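As a plain string of letters, each chain reads:
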Amino acid sequence: MSELNYGLSELALEIRAMVREFAESRVKPVRAELDETGHFPTEILRELGKMDLMGLYIPAEYGGTFEGDSMPNLIAVEELSRICIGVSVSFAANGLGADPILIGASDEQKKKFLPPLASGEKWAAYALTEPNAGSDAGSIRTTAVKKGDKYVLNGTKQWITNGGEADIYTVFAVTDKNRGARGVSCFIVEKGTPGFKFGKKENKLGIRASATRELIFEDCEVPAANLIGREGTGFIWAMKTFDVSRPGIAAQAVGLAQGALDEAVLYAKVREQFGKPIIANQGLSWMLADMATKVETARALTYATVQSIDRGAKDYSKFSAMCKVYASDVAMQVTTDAVQVFGGYGYMKEYPVEKMMRDAKILQIYEGTNQIQRDIIGLALNKEYGAVAKK
Amino acid sequence: MHIVVCVKQVPNTTQVRINPETNTLVRDGVESILNPFDENALEMALQLKEKHPGTKVTVLTMGPPQAAEVLKEAVGRGADAVVLLCDRAFAGSDTWATSYALSTAIRKMEPADLVLFGKQAIDGDTAQVGPGVADWLGIPCVAYARKIEVADGKAVVERNFEDGYEKLDVALPCALTVLKEANVPRMASLRGKMAAKKLVIAPMTAEAVGADPAKLGLNASPTRVVKIFSPPPKTGGVKWQGEEPAVLAQRLADLLRERKLI
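Chains as they are written, first to last, in this note's numbering: chain S, 1 to 391; chain E, 1 to 262.
Treat the hints loosely; a few may be bogus.
Stated by the list, open to error - Facing chain S, from chain E, some residues (calculated, C-beta under 7 Å):
#1 N19
#2 M187
#3 L190
#4 R191
Unchecked claim - Below are the EDC-like pairs computed for lysine to aspartate or glutamate, each with C-alpha atoms no more than 20 Å apart in a straight line:
#5 E:K197 <-> S:E14
#6 S:K150 <-> S:E121
#7 S:K50 <-> S:E3
#8 S:K122 <-> E:E50
#9 E:K198 <-> S:E10
#10 E:K198 <-> S:E67
#11 E:K197 <-> S:E190
#12 E:K51 <-> S:E121
#13 E:K49 <-> S:E47
#14 S:K146 <-> S:E190
#15 S:K112 <-> S:E61
#16 E:K147 <-> E:D123
#17 E:K49 <-> S:E61
#18 S:K150 <-> S:E218
If you're looking for bench data, these hints aren't it; they were derived computationally from the structure. Since the model is a prediction, treat every value here as computed from it, not as a measurement. Every residue, glycine too, gets a C-beta built ideally from N, C-alpha and C.
Required output: the full structure, derived from the provided sequences and hints.
What follows is the structure, encoded as structure tokens:
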């Protein structure tokens, strides 16, 4: 198939071939079953770990293979997403959970917690959201009170991806309730810590293979050595994490939309009505053309954002938000259109596109709703053009 | 423990046709792959290595220089060492001469506790080389193995039949030919692939392994290929359709009764 030359490194191309083959041979045969049962893809993640694919974003000194090129990890997410984003989010949530450590932790903390994540021996999760703190993440109520060389955590986290399955959690809690967002700190909490429990697993519309659970902290004592950075820096780690993780959601969206496009075109070529394949109808082929154009545009913006970050861009929140919002809207549109191309068959569970459509919706919601993304873009515009206006 | 896995590079037979005039395989433009059953043999070795730390897995193949590709694939998956038997003297060897050649290479290595083969190669389909090598080496061979456990210097092996399986105690060293049912072969790891890319595989000649030239190649091969042909497709029995299910069911019941099957 023809493709644009994005100047991908040899490693990125190798990863693309590896993960594409893996997703086709290991994920595709079980994705419908995982969706139906909601079983966590434990075996799939274990195998990805054995293939050295869980540490693509972790530097070599901490056991991974990252050497300044973020594309291999991004493309691994994209290729898994092409087949199943329930699986790809379980894979990518490790990176999200590890990002506050990568961004804000001390060398000692990195040496302790990153190598088992890089090898895939342990899994990570990111715990910010609470029942009353979604988009307004600064209003979290989970508290951490210092007691000697420990912090005592109390509160509940909600909808935590990989909750219950992960071993290492980056948890955001309030250490100074008088300082608002500047009173938030980030802690590394290990599964099995007394007072750290899991709530029920959520029953979801899509990404049903992924595990989404409550985390419950009841007088949970965490070593003070597990505080990332200083007290009050947590919200900074949380936001910086999103700036680098949002292109990952965009990669999920690009992969998912590509998967739906693949299915739709192949179907349109073999489905015959009125004595000819339905792709021969201009109305339908134009629909496919628009789908393909949107997918490639979303991919180009996503890759450009990540490559720009790799080249040392300082101010990229706006672009991270743009690729997240654009690609996820594209994924919703393209998967919906794919169901339309399949007609009645598309609505049936025997075909993969209805799952893709259900899965797509979460991309417009998680890691900052698309309304929040537009807020970020709008604020950036206001600020940037304000600076111009002053001149 | 030292495990030797013998593998073969084969054309991807899902793409191969037979030239009806010459009765030979049309290999042009067909990709070469690691024989699928050999993947199961390699996986068995790698799983034993995980279970028994200190185990060394050596992968051996005989073939042209490009057969090094399947050895690289094996390194990508976790093989510790590879040997490429490559010499014009081996050209045209049938299963007898190939078995002999492989056995000479194995004798040159540190003593092997297990020698594993795929059940058969998907190009020749003879299933003879595994047992042949075992014979040249003078070790027992269990063909069609689906499971192995190694403990106390012996192996407990399950050998599959169409209607069941046998559980056998086998003394080491021994040879096994491995079935597809044995496992799901792993895919190569990133670090393995990187190591394989850098690997330079020096071919081993007939002289280097001390093989007797009189037992090598086409002239030493007793097999003569008379004809190669695509087997006629199975006729698939009788098929009825398009009538009421009750009518079809009655007809099926009558036929089964007539043939005294029920």
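Consistency of the hints with the structure:
no., hint, verdict
1, N19, "31 Å, violated"
2, M187, "6 Å, holds"
3, L190, "4 Å, holds"
4, R191, "5 Å, holds"
5, E:K197 <-> S:E14, "12 Å, holds"
6, S:K150 <-> S:E121, "27 Å, violated"
7, S:K50 <-> S:E3, "30 Å, violated"
8, S:K122 <-> E:E50, "19 Å, holds"
9, E:K198 <-> S:E10, "14 Å, holds"
10, E:K198 <-> S:E67, "19 Å, holds"
11, E:K197 <-> S:E190, "38 Å, violated"
12, E:K51 <-> S:E121, "17 Å, holds"
13, E:K49 <-> S:E47, "17 Å, holds"
14, S:K146 <-> S:E190, "18 Å, holds"
15, S:K112 <-> S:E61, "12 Å, holds"
16, E:K147 <-> E:D123, "25 Å, violated"
17, E:K49 <-> S:E61, "27 Å, violated"
18, S:K150 <-> S:E218, "14 Å, holds"
When held up to the earlier numbered hints, the structure conflicts with 1, 6, 7, 11, 16, 17 and fits the remainder.
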